[in-house]
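Novice: Chain by chain, the residues:
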Amino acid sequence: MTVLAYAETRGGAVGKPAREATGAARAMAEAWGAETHVVALGGPGTADAARGLASLGADRIHVAEGEGLALYQPDVVAAAVSRLIGEGGFRAVVFPATAQGKDLAPRVAARLGCGLATEIVSWSADGEALVVRRPMYAGKAIATLRLAAAPALVTIRANVFAAEERPGAGELVMLAAADEDARIRVTELEIGDRAQLDVAEATIVVSGGRGMQDPEHWHLLEDLVKALGEDAALGASRAVVDAGWRPHGEQVGQTGKTVSPNLYFAVGISGAIQHLAGMRTAKVIVAINRDAEAPIFGVADYGIVGDVFEILPPLTQAIRTARAGG
Amino acid sequence: MNTIVCIKRVPDSATRVKIAGDGKSLDPAGVKYVMNPYDEFALEEALRHREAAGEGTVTVITLGPSEAVETLRQALAMGADEAVLLKSEGSHDGRVVAHALADEIRGRPHDLVLFGKQAIDDDNMQVPGMVAELLELPCATVVVQLEIADGRATARREVEGGHEVLEFPLPAVVSAQKGLNEPRYASLKGIMAAKKKPLEEKEVTLAEATVELVSLEEPPAPAAGRIVGEGPDAVPELVRLLREEAGVF
Ligand SMILES: Cc1cc2nc3c(=O)[nH]c(=O)nc-3n(C[C@H](O)[C@H](O)[C@H](O)COP(=O)(O)OP(=O)(O)OC[C@H]3O[C@@H](n4cnc5c(N)ncnc54)[C@H](O)[C@@H]3O)c2cc1C
Ligand SMILES: Nc1ncnc2c1ncn2[C@@H]1O[C@H](COP(=O)(O)O)[C@@H](O)[C@H]1O
Chain A
1 MTVLAYAETR GGAVGKPARE ATGAARAMAE AWGAETHVVA LGGPGTADAA
51 RGLASLGADR IHVAEGEGLA LYQPDVVAAA VSRLIGEGGF RAVVFPATAQ
101 GKDLAPRVAA RLGCGLATEI VSWSADGEAL VVRRPMYAGK AIATLRLAAA
151 PALVTIRANV FAAEERPGAG ELVMLAAADE DARIRVTELE IGDRAQLDVA
201 EATIVVSGGR GMQDPEHWHL LEDLVKALGE DAALGASRAV VDAGWRPHGE
251 QVGQTGKTVS PNLYFAVGIS GAIQHLAGMR TAKVIVAINR DAEAPIFGVA
301 DYGIVGDVFE ILPPLTQAIR TARAGG
Chain B
1 MNTIVCIKRV PDSATRVKIA GDGKSLDPAG VKYVMNPYDE FALEEALRHR
51 EAAGEGTVTV ITLGPSEAVE TLRQALAMGA DEAVLLKSEG SHDGRVVAHA
101 LADEIRGRPH DLVLFGKQAI DDDNMQVPGM VAELLELPCA TVVVQLEIAD
151 GRATARREVE GGHEVLEFPL PAVVSAQKGL NEPRYASLKG IMAAKKKPLE
201 EKEVTLAEAT VELVSLEEPP APAAGRIVGE GPDAVPELVR LLREEAGVF
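For the protein sequence lines, the chains are A and B, in the order given. In terms of the working numbering, the first sequence opens at residue 1 and continues consecutively. In terms of the working numbering, the second sequence opens at residue 1 and continues consecutively.
Just to be clear, a hint being listed does not mean it is correct.
Taking lysine to aspartate or glutamate pairs in the EDC-like style, the calculated list, with each CA pair at most 16 Å apart, reads [said to hold, decoys possible]:
{"no.": "1", "chain 1": "A", "residue 1": "LYS283", "chain 2": "B", "residue 2": "GLU245"}
{"no.": "2", "chain 1": "B", "residue 1": "LYS32", "chain 2": "B", "residue 2": "GLU70"}
{"no.": "3", "chain 1": "B", "residue 1": "LYS18", "chain 2": "B", "residue 2": "GLU245"}
{"no.": "4", "chain 1": "B", "residue 1": "LYS87", "chain 2": "B", "residue 2": "GLU201"}
{"no.": "5", "chain 1": "A", "residue 1": "LYS16", "chain 2": "B", "residue 2": "GLU244"}
{"no.": "6", "chain 1": "B", "residue 1": "LYS202", "chain 2": "B", "residue 2": "GLU67"}
{"no.": "7", "chain 1": "A", "residue 1": "LYS283", "chain 2": "B", "residue 2": "GLU244"}
{"no.": "8", "chain 1": "B", "residue 1": "LYS197", "chain 2": "B", "residue 2": "ASP103"}
{"no.": "9", "chain 1": "B", "residue 1": "LYS87", "chain 2": "B", "residue 2": "GLU70"}
Chain B stretches covered by chain A per the calculated footprint, using a threshold of three residues with CB under 8 Å from any CB of chain A [stated by the list, open to error]:
{"no.": "10", "segment": "5 to 15"}
{"no.": "11", "segment": "71 to 77"}
{"no.": "12", "segment": "91 to 103"}
{"no.": "13", "segment": "112 to 124"}
{"no.": "14", "segment": "235 to 243"}
Sample of chain A residues lacking proximity to chain B, with all beta carbon distances greater than 12 Å (derived) [as the list claims (entries may be wrong)]:
{"no.": "15", "residue": "GLY12"}
{"no.": "16", "residue": "GLY15"}
{"no.": "17", "residue": "GLU30"}
{"no.": "18", "residue": "GLY113"}
{"no.": "19", "residue": "GLU119"}
{"no.": "20", "residue": "PRO135"}
{"no.": "21", "residue": "ARG146"}
{"no.": "22", "residue": "GLU216"}
{"no.": "23", "residue": "TRP218"}
{"no.": "24", "residue": "ALA239"}
{"no.": "25", "residue": "ALA243"}
{"no.": "26", "residue": "PRO261"}
Hints listed in this document are in silico derivations from the structure and should not be mistaken for laboratory results. Built from N, CA and C at the ideal position, the CB exists for glycine as well.
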């Protein structure tokens, strides 16, 4: 019996989504006394990059690499992963709930006729069955689902499952990927001008709302992000996205991104229910708002009542000093 | 060009969620239902492509209870040509819904099959990709831009930090993300016209679920918020708490 992780690659690199999926698969495998396999498809260099997943518990690493896989090719990957799973013996398959994982998992589930639970936040083994918990209604309810038949497919929410160092055998096996499987082709990947971390992937998020008053004031938030280090990213409320102050890619909430960072700053954000939907599972929430009655304070672990323009500069300075060891 | 748009009736995003007595569903009392917001983008896109082409029909399909007729009427009022209700209780299992929709779509002419990227009740984000596989069609998900010419399409889909550009032939499946367009409102004329448009209702029997819903709960109430203080004087204490109590940096 085996648990498989989809080790997402981006241009031949294996990042956090792959590590989190491997860690979750490894933990499941231990619960069932099963082996952990990972599958990685990507550009040249993928095999070398994926080898590193052995240290997180991968016993076998299935790899396909080549120029044609440098960009995520949905059908080619879906077909190759489905063929691998179809060989049998897989109890569960773990995908990261990233743009790739969310696109891929339903395709694989439909091809193989297996059950899929998306964006799970916890799991347990109940005999042979996999029992998972996942938010519904934008986090306003938590569902418990039971996937009795094998293989059970899941996508895991980012920043929820940690990968632990735990050496696995790391046997490398080449996997066939056929370009003819492509019904659709990804021809280009356009990544934003700044080499900036996406809000959905960051472990620290600084979000600004209408309380920032003007897009010209965003440098205050950018400074705070910089002070917080390279795992921090900017987010935004819908009000400022709709006003054209910030790009939609930064929007957090029901019609934006769902984030679960370790630390979330809501700056000049009222805390509308649709905004909370996207960030209430953050581990620590800090709110800065001049209205002590703002609903954001109801979910914030720490709040400061006051004017953002008076608070941001000293806050950025204090965090810079604290992080420098002062 | 014949376009099919799958739309779902869902509780409004401002709904206060209360769990019903069965511990498995939403208490419908006082809940306002709307067309899934992402499906509005899908429908708008279908209408625009029909208008640009000057021909073709837009068919909307929903799987749901009898009340979902209201959602179909809204779609007809916005400009869809015909509507189909697959009467059923629905399922939390995306695959079950996808099979029922795919069976209906298969029997109808379709150059383009549009979906919302996600239904905001179950938040499954499963059905579009599954229907595409069942129909063996090219599929672009989470699309913010769609261009169609001479039976081929180019789409941009949202990914972390940017976009992927996709190229594919029709027929195809596309799921809509916010940003694709600005959905129109139904005009009074549209609402009147909708009453005369064809709306077919049929019972469907759903396949057995592979994912069983055991329970639905309200999330634990967040620990009451703590106000650290007022104004810039509270900053040092906040930073101390973040370091020492929360341990975040
Ligand atoms: C279907 C639907 C989907 C939605 N999806 C989303 C979503 O994905 N994400 C989202 O964010 N919203 C979403 N919304 C919108 C949501 O309801 C709110 O309108 C929005 O979140 C408000 O943004 P805001 O907090 O920036 O603005 P406001 O509500 O206007 O709040 C601004 C806050 O800033 C404070 N403030 C003002 N000046 C200062 C100052 N100088 N110093 C300190 N504080 C100050 C004010 O006290 C106020 O609390 C959605 C709505 C609907 C209907
Ligand atoms: N019951 C349904 N009836 C019609 N379309 C649906 C239904 N459920 C889901 N869909 C479509 O599939 C999309 C994604 O839904 P989901 O996979 O459930 O998040 C929705 O935006 C709709 O376009």
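Novice: Against this structure, judge whether each hint is valid.
Specialist: Hints, one by one, checked against the model:
1. A:LYS283 / B:GLU245: It holds: about 13 Å lies between the C-alpha atoms, which stays within 16 Å.
2. B:LYS32 / B:GLU70: Distance of about 12 Å is within 16 Å: holds.
3. B:LYS18 / B:GLU245: Cα-Cα ~33 Å, so violated.
4. B:LYS87 / B:GLU201: holds (7 Å)
5. A:LYS16 / B:GLU244: violated (27 Å)
6. B:LYS202 / B:GLU67: Given pair B:LYS202, B:GLU67 holds - Cα atoms ~13 Å apart, limit 16 Å.
7. A:LYS283 / B:GLU244: holds (15 Å)
8. B:LYS197 / B:ASP103: violated (23 Å)
9. B:LYS87 / B:GLU70: Cα-Cα ~13 Å, so holds.
10. 5 to 15: As far as the segment 5 to 15 of chain B goes, the hint holds, because 4 residues have Cβ atoms under 8 Å from chain A.
11. 71 to 77: Coverage by chain A is violated here, the residue count being 0 at a Cβ distance below 8 Å.
12. 91 to 103: Satisfied; 5 residues make the cut.
13. 112 to 124: holds (count 5)
14. 235 to 243: That given contact holds, which follows from 7 residues of the segment 235 to 243 of chain B lying within Cβ reach (below 8 Å) of chain A.
15. GLY12: holds (16 Å)
16. GLY15: violated (10 Å)
17. GLU30: With a cut-off of 12 Å, A:GLU30 remains clear of chain B, as the shortest Cβ separation is near 23 Å.
18. GLY113: Violated, since 8 Å does not exceed 12 Å.
19. GLU119: Non-interface label on A:GLU119 violated, nearest chain B Cβ at 7 Å vs cutoff 12 Å.
20. PRO135: violated (7 Å)
21. ARG146: violated (4 Å)
22. GLU216: holds (21 Å)
23. TRP218: Consistent with the label, A:TRP218 stays out of reach of chain B, its closest Cβ about 18 Å off (over 12 Å).
24. ALA239: holds (14 Å)
25. ALA243: A:ALA243 is indeed farther than 12 Å from all Cβ atoms of chain B, at 15 Å.
26. PRO261: violated (9 Å)
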